[in-house]
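Asks: Residue numbers (my numbering), protein chains in the order written: chain A, 17 to 549; chain B, 17 to 549.
These aren't lab readings, by the way, just hints derived from the structure by calculation.
Just so you know, not all the hints are guaranteed correct.
No more than 20 Å apart at the CA atoms, straight line, and that leaves these computed lysine-lysine pairs for PhoX-like [unchecked claim]:
1) B:LYS481 / B:LYS470
2) A:LYS168 / B:LYS481
3) A:LYS273 / B:LYS470
4) B:LYS481 / B:LYS547
5) A:LYS481 / A:LYS470
6) A:LYS372 / A:LYS470
Pairwise CB distance ranges (calculated) [to be verified]:
7) B:VAL38 / A:ALA430: 34 to 40 Å
8) A:ASP284 / B:ALA368: 31 to 37 Å
9) B:ARG419 / A:SER485: 48 to 54 Å
10) A:SER485 / B:ASN68: 42 to 48 Å
Virtual Cβ for every residue (Gly too), placed ideally from N, Cα, C.
Number of protein chains: 2
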Amino acid sequence: MTGERIYLYDTTLRDGAQTQDVDFSVADKIAIAKDLDRLGIDYVEGGWPGANPTDDQFFAEAPELARATFTAFGMTRRPGRSAANDPQLTALAQSRAKAVCMVGKSWDFHVDVALNIPREENLDLIRDSIAALHAAKGEALFDAEHFFDGYKRNPAYAVSCIRAAFEAGARWIVLCDTNGGTLPHEVDAIVREVVETHGIPGDRLGIHCHNDTENAVANSLAAVRAGARMIQGTINGLGERCGNANLVSLIPTLMLKMGYETGIRREDLPLLTQLSRAFDDRLNRAPNRHAPYVGASAFAHKGGLHVSAVEKDPSSYEHVAPEAVGNRRQIVMSDQAGRSNLIVRLRDIGMAVDAKDGRLAGLLDLVKQRDSDGYAYDTAEASFELLVRRELGEVPRFFELLRFHVTDERRYNAVGKLVVESEAVVRVRVGDAVRMEVADGNGPVHALDVAMRKALEPAYPALAKVSLSDYRVRILAAKEGTGAMPRVLIRSARTDGTEWSTLGVSTNIIEASMEALVDSYTYALMKGDAKPV
Amino acid sequence: MTGERIYLYDTTLRDGAQTQDVDFSVADKIAIAKDLDRLGIDYVEGGWPGANPTDDQFFAEAPELARATFTAFGMTRRPGRSAANDPQLTALAQSRAKAVCMVGKSWDFHVDVALNIPREENLDLIRDSIAALHAAKGEALFDAEHFFDGYKRNPAYAVSCIRAAFEAGARWIVLCDTNGGTLPHEVDAIVREVVETHGIPGDRLGIHCHNDTENAVANSLAAVRAGARMIQGTINGLGERCGNANLVSLIPTLMLKMGYETGIRREDLPLLTQLSRAFDDRLNRAPNRHAPYVGASAFAHKGGLHVSAVEKDPSSYEHVAPEAVGNRRQIVMSDQAGRSNLIVRLRDIGMAVDAKDGRLAGLLDLVKQRDSDGYAYDTAEASFELLVRRELGEVPRFFELLRFHVTDERRYNAVGKLVVESEAVVRVRVGDAVRMEVADGNGPVHALDVAMRKALEPAYPALAKVSLSDYRVRILAAKEGTGAMPRVLIRSARTDGTEWSTLGVSTNIIEASMEALVDSYTYALMKGDAKPV
Numbered sequence: 017m018t019g020e021r022i023y024l025y026d027t028t029l030r031d032g033a034q035t036q037d038v039d040f041s042v043a044d045k046i047a048i049a050k051d052l053d054r055l056g057i058d059y060v061e062g063g064w065p066g067a068n069p070t071d072d073q074f075f076a077e078a079p080e081l082a083r084a085t086f087t088a089f090g091m092t093r094r095p096g097r098s099a100a101n102d103p104q105l106t107a108l109a110q111s112r113a114k115a116v117c118m119v120g121k122s123w124d125f126h127v128d129v130a131l132n133i134p135r136e137e138n139l140d141l142i143r144d145s146i147a148a149l150h151a152a153k154g155e156a157l158f159d160a161e162h163f164f165d166g167y168k169r170n171p172a173y174a175v176s177c178i179r180a181a182f183e184a185g186a187r188w189i190v191l192c193d194t195n196g197g198t199l200p201h202e203v204d205a206i207v208r209e210v211v212e213t214h215g216i217p218g219d220r221l222g223i224h225c226h227n228d229t230e231n232a233v234a235n236s237l238a239a240v241r242a243g244a245r246m247i248q249g250t251i252n253g254l255g256e257r258c259g260n261a262n263l264v265s266l267i268p269t270l271m272l273k274m275g276y277e278t279g280i281r282r283e284d285l286p287l288l289t290q291l292s293r294a295f296d297d298r299l300n301r302a303p304n305r306h307a308p309y310v311g312a313s314a315f316a317h318k319g320g321l322h323v324s325a326v327e328k329d330p331s332s333y334e335h336v337a338p339e340a341v342g343n344r345r346q347i348v349m350s351d352q353a354g355r356s357n358l359i360v361r362l363r364d365i366g367m368a369v370d371a372k373d374g375r376l377a378g379l380l381d382l383v384k385q386r387d388s389d390g391y392a393y394d395t396a397e398a399s400f401e402l403l404v405r406r407e408l409g410e411v412p413r414f415f416e417l418l419r420f421h422v423t424d425e426r427r428y429n430a431v432g433k434l435v436v437e438s439e440a441v442v443r444v445r446v447g448d449a450v451r452m453e454v455a456d457g458n459g460p461v462h463a464l465d466v467a468m469r470k471a472l473e474p475a476y477p478a479l480a481k482v483s484l485s486d487y488r489v490r491i492l493a494a495k496e497g498t499g500a501m502p503r504v505l506i507r508s509a510r511t512d513g514t515e516w517s518t519l520g521v522s523t524n525i526i527e528a529s530m531e532a533l534v535d536s537y538t539y540a541l542m543k544g545d546a547k548p549v
Numbered sequence: 017m018t019g020e021r022i023y024l025y026d027t028t029l030r031d032g033a034q035t036q037d038v039d040f041s042v043a044d045k046i047a048i049a050k051d052l053d054r055l056g057i058d059y060v061e062g063g064w065p066g067a068n069p070t071d072d073q074f075f076a077e078a079p080e081l082a083r084a085t086f087t088a089f090g091m092t093r094r095p096g097r098s099a100a101n102d103p104q105l106t107a108l109a110q111s112r113a114k115a116v117c118m119v120g121k122s123w124d125f126h127v128d129v130a131l132n133i134p135r136e137e138n139l140d141l142i143r144d145s146i147a148a149l150h151a152a153k154g155e156a157l158f159d160a161e162h163f164f165d166g167y168k169r170n171p172a173y174a175v176s177c178i179r180a181a182f183e184a185g186a187r188w189i190v191l192c193d194t195n196g197g198t199l200p201h202e203v204d205a206i207v208r209e210v211v212e213t214h215g216i217p218g219d220r221l222g223i224h225c226h227n228d229t230e231n232a233v234a235n236s237l238a239a240v241r242a243g244a245r246m247i248q249g250t251i252n253g254l255g256e257r258c259g260n261a262n263l264v265s266l267i268p269t270l271m272l273k274m275g276y277e278t279g280i281r282r283e284d285l286p287l288l289t290q291l292s293r294a295f296d297d298r299l300n301r302a303p304n305r306h307a308p309y310v311g312a313s314a315f316a317h318k319g320g321l322h323v324s325a326v327e328k329d330p331s332s333y334e335h336v337a338p339e340a341v342g343n344r345r346q347i348v349m350s351d352q353a354g355r356s357n358l359i360v361r362l363r364d365i366g367m368a369v370d371a372k373d374g375r376l377a378g379l380l381d382l383v384k385q386r387d388s389d390g391y392a393y394d395t396a397e398a399s400f401e402l403l404v405r406r407e408l409g410e411v412p413r414f415f416e417l418l419r420f421h422v423t424d425e426r427r428y429n430a431v432g433k434l435v436v437e438s439e440a441v442v443r444v445r446v447g448d449a450v451r452m453e454v455a456d457g458n459g460p461v462h463a464l465d466v467a468m469r470k471a472l473e474p475a476y477p478a479l480a481k482v483s484l485s486d487y488r489v490r491i492l493a494a495k496e497g498t499g500a501m502p503r504v505l506i507r508s509a510r511t512d513g514t515e516w517s518t519l520g521v522s523t524n525i526i527e528a529s530m531e532a533l534v535d536s537y538t539y540a541l542m543k544g545d546a547k548p549v
């Protein structure tokens, strides 16, 4: 237990953004940067100002971060141009970042072939760029691209590159395993040589690993044990090819097992599970149940003997306490275990139910049936609460949806343009009245939402404060004899900032959407203490 | 490069079968065992005879394996019973397995609390069981449960347990990190002590790791470097909680990077990618694109400058050759797409375009514009190819969609059940004829697909061989002045096994879906050399 400080540098918004299928909007970037700052990450790398319109806009609207250093990424100056005359360096210097991390070559082969300049000149590029940005920003970092591959072939040259950055004032020299092929024992040996033989102090060294051999986490830990004091990585190991080092796995290992301090307060460590899952949610992908520390199955135990041993002493079957990272133990398989699981979930939604309550068995059967039908209630707490309260007869009958139909039509509009327009008709019983309304929208779900609100808001004006903030569809694998099942997840927000998620599952995407919409309105009314008319 | 032999032990069918949501049939087990045998895995652990009906049946029908040792798993004998009198050991001895691996305690705490017997007696259980199965089968293995946790608390006792197995004739003593919390530097130190201080030879030691800190692969490698010569793991890292050590990642690292020999012939190593993907297919889950070595993105390259360097010398950006493991290089488009990127992409779809071709600039602008509109072409190769070929006038006009409308209606069906039914009407020009067709489906997209096929198949019967295999929707963040933008991705398959992805983007989900459908039909016709009527 060393108590030494490790600095955490998140590159989700830059290197992570290279991932196939990942496409952050400016709003995504702002929300993610704030989550990282709240957790206590030291550096949040926002992107590359000047590289694309998203990054330009993000840096123009740079988020206010309370603790993290907002950092820009860029490249050492171009050959044949002074640092002062390089528009890319100027953009970095003028950006609203508090620090700048610049990538440069440290493998002789890449200097020869990719840059095609004398090797001495590459040292000038590094020196000039670091000096210029150090002067402009007060904090410049050097990303030594391909450092490990370069060091294996030509250690003297690789070291001369990082020494140039060190002498020019780089706060951190980040040793990059760009191709991801270096193994932990190699990282250990090379970092030790850099510190002990070549005299670059460990508290100026960072590590940047990729997961091409499934060793990105181990390589990062090896570098830290060899002396490096900064780790670059991403949320959930996002990143091109096989991903970057996964900060979500590294953080608990560093803090709970190796005794290092980071910028994260120990009492904030439980934010980790939520941060990891919310991130996947934002990317519209199912969180990895098997993710170390934060996955839903990470602390799953099967029934029987094992469970009673876990109950006697959890530490005998768990390598850390799940609560320490904001996760929870899950007991699977036995009915008894399912029951105590359910009690915990009910407690989470504010329902104190006694373990001997006769209604538990029925609820458990219902939840199991719905789970097997594809209702993933862990992503939709509001629908879970409605399911339970409906079963217990605790949800007022605010309205009843009788019929609806939606038409989507491709036609020429009034100004002769080919458009697709959606029109929805709904028939809803509200109190004693049956209201029929029609609306159009820029899609069938939008049209249904507008029509439903026309029908409901006269009786329930509070709904005007509720809007849909996200809509997602995932297709569940087809069961025997049916078609594929769309699962629709809708996120709703009230003007007071509260948010909730509801879901619907059906072979018909429109019906699944309507189910999620109806749950959303009902939840809003129930939580807003509306009285049924 | 040592040339030393490492033995590979696959426990997918036993420890992997503990995974939540995984449920192998006997047919699955037989197919997987044969795949492992074909690859050259040394030991295939089939399960636990006597533990459940699937394993009983599987062992009764034990597959004929050409090279692998078919192995059964079990437990050391019960306290208070002789080995000869323990029905579980008898079942193991009588099973059709060629070797037996038995788990036993090596952590004093578990002997005290879980077994609740004197510690000396546990040594007897181990000794008797190994001796009995060694006599019965010729090969017995000992799985030392919780070895690392036990060794940290009471090294003398942990070692006495494995020494008992060693002296009773165990071919392998497998050191298990059962809770998965041990770190690579700890595995390294403990295995070295077991070999050097306690005198258990490395060629009798195996390692069994779990991925709870994302270090299962690194821990396995650390044990091998410390002297152990057998590794237990699973295909794709399947296993309870966070999974077991991933053999698919370990094998290429051992053989291509560390110079070890295994039972796998070098010329068979390219079977690995196919084995990994076929396994996910069997589990009905999408293969992990980002899996080390075998993922579809494992050798993906993005970004202009980078791609031109890859072209010059792939080894400068790839840690191993993708072909060595049966994978392939992939060049992806993105908003960083440069001209050289585009040229490579065009070459991938069979279009040889010279770097000086005057049409490149226009194509590049078009691709960038579409990217910024939300068309993520890296996930939809077919739509990318159509975009380019349409721009170059190379896509025949197979048909023209003139109008469509879809109605989704919630109503009571003929047997009085409330259902939502979708009905689509399409009007399509095919050659000189305008065809109008109507169809219903279990959702608006299904209905549209059926109606379109009714309109197209009379002229293009080849479309009957094409079906939709996946449908996904993601909502892109709203741009200024518009609503949210659904992006629809459709995956299609032909009966000959070829697959392709197409996409559509629109404020209206139905229109986006129709765009992706039209691309899918067009691509199928173009690739099938259909002649426009």
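Asks: Run the distance test for A:LYS372 versus A:LYS470: straight-line Cα separation, threshold 20 Å.
Replies: violated (45 Å)
Asks: Need the status of pair A:LYS273, B:LYS470: alpha-carbon distance at most 20 Å?
Replies: violated (63 Å)
Asks: Is the distance from the Cβ of B:ARG419 to the Cβ of A:SER485 consistent with 48 to 54 Å?
Replies: Violated - the Cβ-Cβ distance for B:ARG419 and A:SER485, about 33 Å, lies outside 48 to 54 Å.
Asks: Does 34 to 40 Å hold as the CB distance between B:VAL38 and A:ALA430, or does it fail?
Replies: This hint is violated: roughly 57 Å between Cβ atoms.
Asks: Given the hint of 31 to 37 Å, is the C-beta distance from A:ASP284 to B:ALA368 inside that range or not?
Replies: violated (56 Å)
Asks: A:LYS481 and A:LYS470 were given as a pair; does the straight-line alpha-carbon distance stay at or below 20 Å?
Replies: Since the Cα atoms of A:LYS481 and A:LYS470 sit roughly 14 Å apart, the hinted pair holds (cutoff 20 Å).
Asks: May I ask you to test the hint 42 to 48 Å on the CB atoms belonging to A:SER485 and B:ASN68?
Replies: Because 46 Å falls inside the window, the suggested range holds.
Asks: Please verify whether A:LYS168 and B:LYS481 have alpha carbons no more than 20 Å apart.
Replies: Judged against 20 Å, a Cα distance of about 53 Å means the pair is violated.
Asks: Mind checking the alpha carbons of B:LYS481 and B:LYS547 for me, to see if they're no more than 20 Å apart?
Replies: holds (17 Å)
Asks: Given the hint that B:LYS481 pairs with B:LYS470, test it: the Cα-Cα distance must not exceed 20 Å.
Replies: holds (14 Å)
Consistency note: the structure conflicts with the earlier hints numbered 2, 3, 6, 7, 8, 9.
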